[in-house]
Structures are given as C-alpha cells and as structure tokens.
Amino acid sequence: DVKVTQSSRYLVKRTGEKVFLECVQDMDHENMFWYRQDPGLGLRLIYFSYDVKMKEKGDIPEGYSVSREKKERFSLILESASTNQTSMYLCASTVAGTGLYGEQYFGPGTRLTVT
Amino acid sequence: GESVGLHLPTLSVQEGDNSIINCAYSNSASDYFIWYKQESGKGPQFIIDIRSNMDKRQGQRVTVLLNKTVKHLSLQIAATQPGDSAVYFCAESLTGANSKLTFGKGITLSVRP
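Protein chains in written order, with this note's numbering: chain A, 1 to 115; chain B, 1001 to 1113.
Where hints are given, some of them may not hold.
Computed footprint of chain B on chain A; a stretch qualifies when at least three of its residues, placed anywhere within it, have a C-beta under 8 angstroms from a C-beta of chain B [unchecked claim]: (1) 45-58; (2) 103-112.
Within a straight-line C-alpha distance of at most 27 angstroms, the following computed DSS-like cross-link-like pairs (lysine-lysine) qualify [said to hold, decoys possible]: (3) B:K1105 x A:K57; (4) A:K57 x B:K1042; (5) A:K13 x A:K57.
Below, a sample of chain A positions facing chain B; criterion: calculated Cβ distance under 8 angstroms [said to hold, decoys possible]: (6) L41; (7) P61; (8) G63; (9) L78.
No lab work stands behind these hints: they were computed from the structure. Backbone N, C-alpha and C define an ideal beta-carbon position, used for all residues, glycine too.
Build out the structure end to end from the sequences listed, making use of the hints.
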C-alpha cells in the first residue's frame, strides 16, 4: 500500500513563527502536492512539485514556500505564520506516469492552529 | 478533517438504501474525473475515476455516471452502510501534462442506522 505520512497531526504555533510541515511518501512518486482544506472551501492547491528541486505555484501560494531536496520528501514552509493560515494541510502524491492530474494519494493531514 | 463537513450540504440516507451524490463540474473541457471519500480525521481516499470517453463506470458497490452535456457527475453507492458516512468530493482535470485536479467543495453523506 502507498503510504503518505505527515510529520504532525496537530500543531499549534504563534503568529510570526516559521513553521515547517513535512511530508514523506514511500512509493517513489514523482509528483507531490500541498493543499489546504477549509470548511466550505474544499481543497485548494498551494504548491506542487514534479521532480526533486522543482516546484510550481498552485492557486494560493502567498505566504508559503516549499522545498523538495529528496524525491520522497516535500516540505511546506510558512515563513511567518498568521492566523489566517489556521487550517488543515494535506499532502498528496501521484502514481508515476499519470502526470499531475492522476489519482492522488493523500496523507492524514496536519491541523495547524496559529494563535 | 473533522470540521470539513460542517459547512457542506448533507445527504442523509437510511442504511441499506442506495445513495446518489451529485457534482456539477465547471470546465467543459475537463476529460478526467475522480471521486474521493474523506472520513473524519483522515485524508481523502480515492474511490473511482472516469474518463470523458465513458458515460458510466462501475466499481465495487459504486458507480460513477458522467453527463458531459450538462457537466454533471454522480456517484451511486449501492446498499449504503454506516462506514460510507463521510465527505465526498468530485475532482476534474484535463489530461494534459501540466493539468492539475480541481476539487469540488464536497457533500457530507450521513447514514442513518
């Protein structure tokens, strides 16, 4: 079974802190994604990566950055956390060969609260 | 997550009945569609997909129907069980190299015992 893991299930940070959310997948997937999920808004794409050291902005990249130094690991960084970044963050990866649109495997999510 | 379903439309069905969850997609050019299920406290999980060259596709206890004329997608669950209670999302995409999935807001399915 494909496994996508995220470093924390729950995280509480203060406004202005730098926050790192880590995601690891164990199936050698090429493409990895970070979404945020808010009640009533669905999943919104923050950033994605189609290869090591490659990254592309999604629909809502402002206030975020990403890092992909190894194929299995994709990190989401909040440079200076703000209260409007309180959300559920979901990482996903796609099966090799299906492109960016293919079936995505999701991690369990990290619920981040910024106070 | 646990609060995802709070602001979503809810479909309530009796255990054992069939469920039909509907989705209107936005892009008439989309040619690939997926249904996801998200249980409380978990990430979304793939259920079934369909390409635009098909009108219907069946899985185990689930059927997806695609009506391209009216940009409508539906998920039918046969003999709904308590374990089917979750938020269901449709997602659409173009099958081009740089295309990405666009997710709908989701519908909460609640199964009455």
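- prompt: Are L78 (chain A) and chain B close enough, Cβ to Cβ, to be under 8 angstroms, as the hint says?
  reply: violated, 18 angstroms
Interface hint for P61 (chain A), Cβ within 8 angstroms of any Cβ on chain B: At 13 angstroms from the nearest chain B Cβ, P61 (chain A) fails the 8 angstroms test, so the hint is violated.
- request: Hold the hint about G63 (chain A) up to the distance rule: shortest CB distance to chain B must be less than 8 angstroms.
  value: violated, 20 angstroms
message: Check the hint pairing K1105 (chain B) with K57 (chain A) against an upper bound of 27 angstroms on the C-alpha distance.
response: The hint holds at about 21 angstroms.
- prompt: Within the region 45-58 of chain A, is the number of residues with a Cβ closer than 8 angstroms to a Cβ of chain B three or more?
  reply: holds (count 3)
field: Agreement of hint L41 (chain A) with chain B interface, Cβ distance less than 8 angstroms
entry: holds, 7 angstroms
query: Between K13 (chain A) and K57 (chain A), does the CA-CA distance stay at or below 27 angstroms?
result: Distance ~24 angstroms between K13 (chain A) and K57 (chain A) Cα, so the pair holds.
Chain B over the region 103-112 of chain A, status - at least 3 residues with CB closer than 8 angstroms: Coverage by chain B holds for the region 103-112 of chain A (8 residues, Cβ < 8 angstroms).
query: Holds or violated: are the alpha carbons of K57 (chain A) and K1042 (chain B) at most 27 angstroms from each other?
result: holds, 25 angstroms
When each numbered hint is compared with the structure, violations occur for hints 7, 8, 9.
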